[in-house]
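Student: The primary structure of each chain is shown beneath.
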Amino acid sequence: MATHVIAQRHEIPAGGRKIVRVAGREVGIFNIDGTFYALKNVCAHQGARVCLGRIVGTALPSNVYEYSYGREGQILRCPWHEWEYDIATGQALFDPNVKIVSYPVSIVGDDIVITIGSP
Amino acid sequence: MAAFAPLALAESQTDNPTMLHTIDVDLHHQIANWQNIAPYAPAGLRHRLARPGGPPLARHGFKMVGPQFGAAPRPIDANGNIGNPAADPAWVKAEYLDKRGVDLAILTGPLLSLGVQPNQDMAAAIATAINDWTLATWVRPFRCFKGSILVAHQDPAQAVAEIDRLGDDPGMVQVLIGSASETPLGRRQFHPIYEACVRNHLPLALHIGGEGAGMSPPSTAVGHPTTYFEWYASLPQVYMAHIMSMVTEGVFEKFPTLKVILYEGGIFWLPHIMWRFDKNWKAQRSETPWVKEPPSAYILRHFYHTTYPLEQSSPSELSELLEMVEGQRTLLFASNYPNWELGDPFEMIEGLPKELRRRVLAENAHALYGERLLHSHAH
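These protein sequence lines are chains P and E, in that order.
If you number the first sequence the way this note's numbering does, the last residue is 119 and the count never jumps.
If you number the second sequence the way this note's numbering does, the last residue is 1379 and the count never jumps.
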C-alpha cells in the first residue's frame, strides 16, 4: 500500500479530468461537483484507455417507452466500444460486477492523493 | 412408413389423467370443406366462407416439391383414393395418436397467413369460424385434442376480443398467430394482444408459414426468395427479427409472465443471436433503458422451441447446443402432423438422452401449459 500525490486540486475544475502516470500505470482523476475520483486508465473490456472517453449522462432505467435522461457528468463511455461506467465506482452500468480498477482518493491541502494497493 | 414402437404408454382415455406421457404440441388439423366451417362464421360474412373453394385468401407462391405428407399415415378408400390425413379427428386419433402413443395433441390448424390478409374483418371472421369449428368438431368430442385460439393480429382489437371470448374455455390452451406479419411483433400496437394472453393465462404460439403472402413483407430481409426450398430454409430469420423486436420493445418488461412458443424454427441459430444481442446491449442499452437485463435472459425465460425439425448433429454438439438454449426446459415435442416432408418427428428426437426426451415429450409441456392440459373440456 502506497500513497501518491498525483495532482493539485486547482488543476482539475468541476467536470474536468486529468490523466497522470503513477507507479507504472495511467490513472484518470475526475472532478464531479467538487469530489475527486481516480480510475485506472484500463477498460475492463479490452484494456482501452477508458479515461479518455466522453463524460456524459445516461438514460435512467425506466418503464417501457418512457425516457428519463440524468446523471449528467457522472458517466464515462469507453472510446472503443461505448461501454458506460459510473465514474464514482468504476462499475459498468450493464453489470456492477464489471469494474474499472479504482483508487481511494483523499485531499490534503491542495494535493490530490490516491492510495494504490490493499491496506 | 417406418415401424416405430410408441415411446410411452398411451393413457389418454383414462378418466382422470394426472400426467400425460406424450404431448404433441403441433398437429395441423385441416379443412376438407369450407362449407363445414362457414356455419361457425359471424352471420354477415358467412356467405363469403361458404363459396366453393372457401373465402378469398392471399397466398404466397411457394409449394414443396414432392409429397407434402412424407411418412405420415393417410386414409385410402375402397377405390384406392388417398384422402387427407388430417381432416377427420376420429381417423387422426386412431391412425396417428393411438398408433404412436400420443396422449394429447394441440391443434394448430391450417391457416398461418391470417395475420397478413388484407381484409382484416374477413380474417377475424375466419379466425372465429375456425376456432368454433375446431372446438365443436375436434376438441369437444375427443379428450385427446386441445385447441389454439387462432387470431388475426393485423387488427389487434378484434384479436383481443377473440382471445377474451374464448380465453376461459378449457378446450383452448394457447393463442396462435402466424409469424408472418406486416411489422415486427414487438411493436406497440400488438401489446394489447400480449396483455390479453396474460390476462387469460395463455401462452402465445408463433408459427411460420404465411411469410411472403398478402401484406407480409418478403420472407427474407433482402427480398423474396425464388423457390420453396430457399423460402423454407430461410424462415428462422423471421423469428430472429421478432425475438429482437419483442425484447427491445419491452414486451417482457410489460408482461413478465408472457410465454412464447416458436414453432418449427429449430434452435441452432439461437446461441448466435443471444450472444450478439447481449454484446450490443452492453454498449447500446441506454437507447432502450427499459431493457434492464441482458437480452439473452429474456430469451431464455420467455421463449420455448419445438422439435420439428430439430437439427441433427453429433450427440455432443447437440447436447452442447441444447444446454445453451436450456432445452431441458424449453424444448417441446412437435410432430407438425401431417406435414412430415422432413422426416418422422419421432425419429428426430431419438438421439436425445432418455431423461431429456421424457421432458421434451411431456414434462416441459405440462410445466408450460399447466392444468389446462388436463381439464375436461367436453360439454
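Fair warning: there could be bad hints in the mix.
Below, computed lysine to any residue pairings styled on SDA-like, alpha-carbon distance capped at 25 Å [unchecked claim]:
# : chain 1 : residue 1 : chain 2 : residue 2
1 : E       : K1279     : P       : G16
2 : E       : K1282     : P       : G34
3 : E       : K1292     : P       : R54
Every beta carbon over 10 Å from chain E, so not counted as near; a handful from chain P, in silico [to be verified]:
# : residue
4 : H10
5 : E11
6 : H81
Rather than coming from a laboratory, the hints here were simulated on the basis of the structure.
Just so we're clear, the structure is a prediction, and the values are computed from it rather than from any experiment.
Every residue, glycine too, gets a C-beta built ideally from N, C-alpha and C.
Student: So which of those numbered hints doesn't the model satisfy?
Tutor: 1, 2, 6
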